[in-house]
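K.L.:
Residue-level listing of the chains:
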Amino acid sequence: MTNRLNVQGLRNYITEREIPLRKRDYAGLDVEIIFRKGGFIGSNIECFSELDRTMHYGRSVINQFERLGDSVVSGSVIIAERLSGSKGRFTRSWYAPSGGLWGSIIYVNTLLPASKLLIPLALGVSCCEALHEWGAAEAEVRWINDVLFHEQKLAGFLLESHRGVESTEEYILIGFGINLNNTTFPSELKKIAVSLSEIIGDTIERDDFALCFLAKLAFNFGLICHEEDYYLVHQQYQGVGGTHLLVNRWRELSQSIGRDVVFGFDVVTRPQYRAKVMGIAEDGGLMMQLEDGSTTIEYSGEIRYL
Amino acid sequence: MSKDLHFDEILSKYRSDPYDYVDIFATQTGVVEFQVEKGSAVDAPGGEWGHIPGTALYQITRERNPKMIGAPINGIVSEIRADLEGSFVESGERLMTIRHPLKKKEIIENILKEVLYLFPAPEKAKYFFAMDIQSRIDKKGVREVIVKPGDEILTMSLMKRDTPVIYAGEEGVIHSVYFKPGVSVEQGEPLIGVCSMDKVPLIQKVITRVKAEWDNM
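If you read the sequences in order, they're chains A and B. Under our numbering, the residue at position 263 of the first sequence is numbered 263, and the numbers go up by one with no gaps. Under our numbering, the residue at position 196 of the second sequence is numbered 1196, and the numbers go up by one with no gaps.
Bear in mind the hints are in silico, worked out from the structure with no lab data behind them. For each residue, glycine too, the CB sits at the ideal point set by N, CA and C. Take the hints with a grain of salt, since some may be wrong.
Claimed, not checked - Only pairs whose alpha carbons sit at most 20 Å apart, straight line, appear in this in silico EDC-like list of lysine to aspartate or glutamate: (1) B:Lys1124 / A:Glu170; (2) B:Lys1124 / A:Asp266; (3) B:Lys1180 / A:Glu282; (4) B:Lys1067 / A:Asp266.
Claimed, not checked - From chain B, some residues computed to sit far from chain A (all C-beta separations above 10 Å): (5) Gly1047; (6) Trp1049; (7) Asp1132.
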């Protein structure tokens, strides 16, 4: 662990780099308030040389706190240099050798159900924003939050939630995997995965990238909290025409809208139907038009571009 | 679950009135405008994936945001609260009732729902069996898989967030599966029906009896 990737390092990064940047981009908003609302991200940061899965470790941390009757530190970040038992969704493989940014965040949910739906969007948006800043300007987010560069996967996220046995708190474990300097992939992933260092032709300082990603996540989580508060008062969101600021940002960063896609709950093994993406609803649902002209909104599942 | 099923009584009920009466409630607060009237025939959602909405039943408008609500099931509008037309209603207000003609398979399922332990969906989401349960189903078939309280039996998936669903009913065999992978289940709707091993013969008896009685009608 270097000196930079720690709680104070993240606070410094947010103050010195991220707040001025956001003030430039969100002139009408009180950016400092938004960062305060998302400030729990990185309340604790633990780094390891190797773990089985950071999600497993996160779960063990939660269980330990539960047994002791203590409160889990929401926003705790767990990062490992490499993972020995990483996996993707369903039965998919995820290769996590040294060089990538592999980790999890423990979030103790305080959001209302409508806002909770948007957490996956915040991950994709934050990662995409960080990648743009590091030179991968064409990185985009594919619904819900796959991050692609020229349709090759650069980053992926897992979210798992459960209730504490003792506290009954709702814990959301957010797993992230971002290909930074890891440039060799197993044969089944070679054609579909890419790393940031391959894109920009340079080595990435992992901890600096991690700070950038976490700072952006703090802002975007803050946006969710802020929009929830705003909606409760005004019955609409603060974006143009009452739209959600985070959802608007997702729209800016995605090329999904207008694309012909195949949709499936598990689209790799069980593709369900073809459709055209018409947009994304304010609650994050994917609006599609099917080949027979009917329309639908999906809240679970995934797409692949045709 | 009662062993004393009064078959004659139950079957007589279905013979005299082979319908389900499905109440339709306001999905949110707002001003309601009906799109059907008493006696209108309505269709259930259609299409290969249930993606074509059912017949429009009512439009509800909140904050200048109109939302059209479709029929969840086919049938005839048997009752409608016409007095509410153009009025502001609270979420959960009953608006109409659809009389749905039952098929034999639905009657069997309805009777079984009275005798099985029904494990409900905790949230509106898509569900799939936990990997361990799925592999046991693949090997032995669903009606050979026993579940007990505390087992992680399902995974609930909503916006890519997966939540393990822990079984909290009586120990028994999974007799009926009411969800399909990739299709959303409403909160509170049953996901699986479970019966204890010693009651499996009773369930078989229900099925056989209903099939025989219904064919003779």
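K.L.:
Which of the numbered hints above does this structure break?
P.N.:
3, 4, 5, 6
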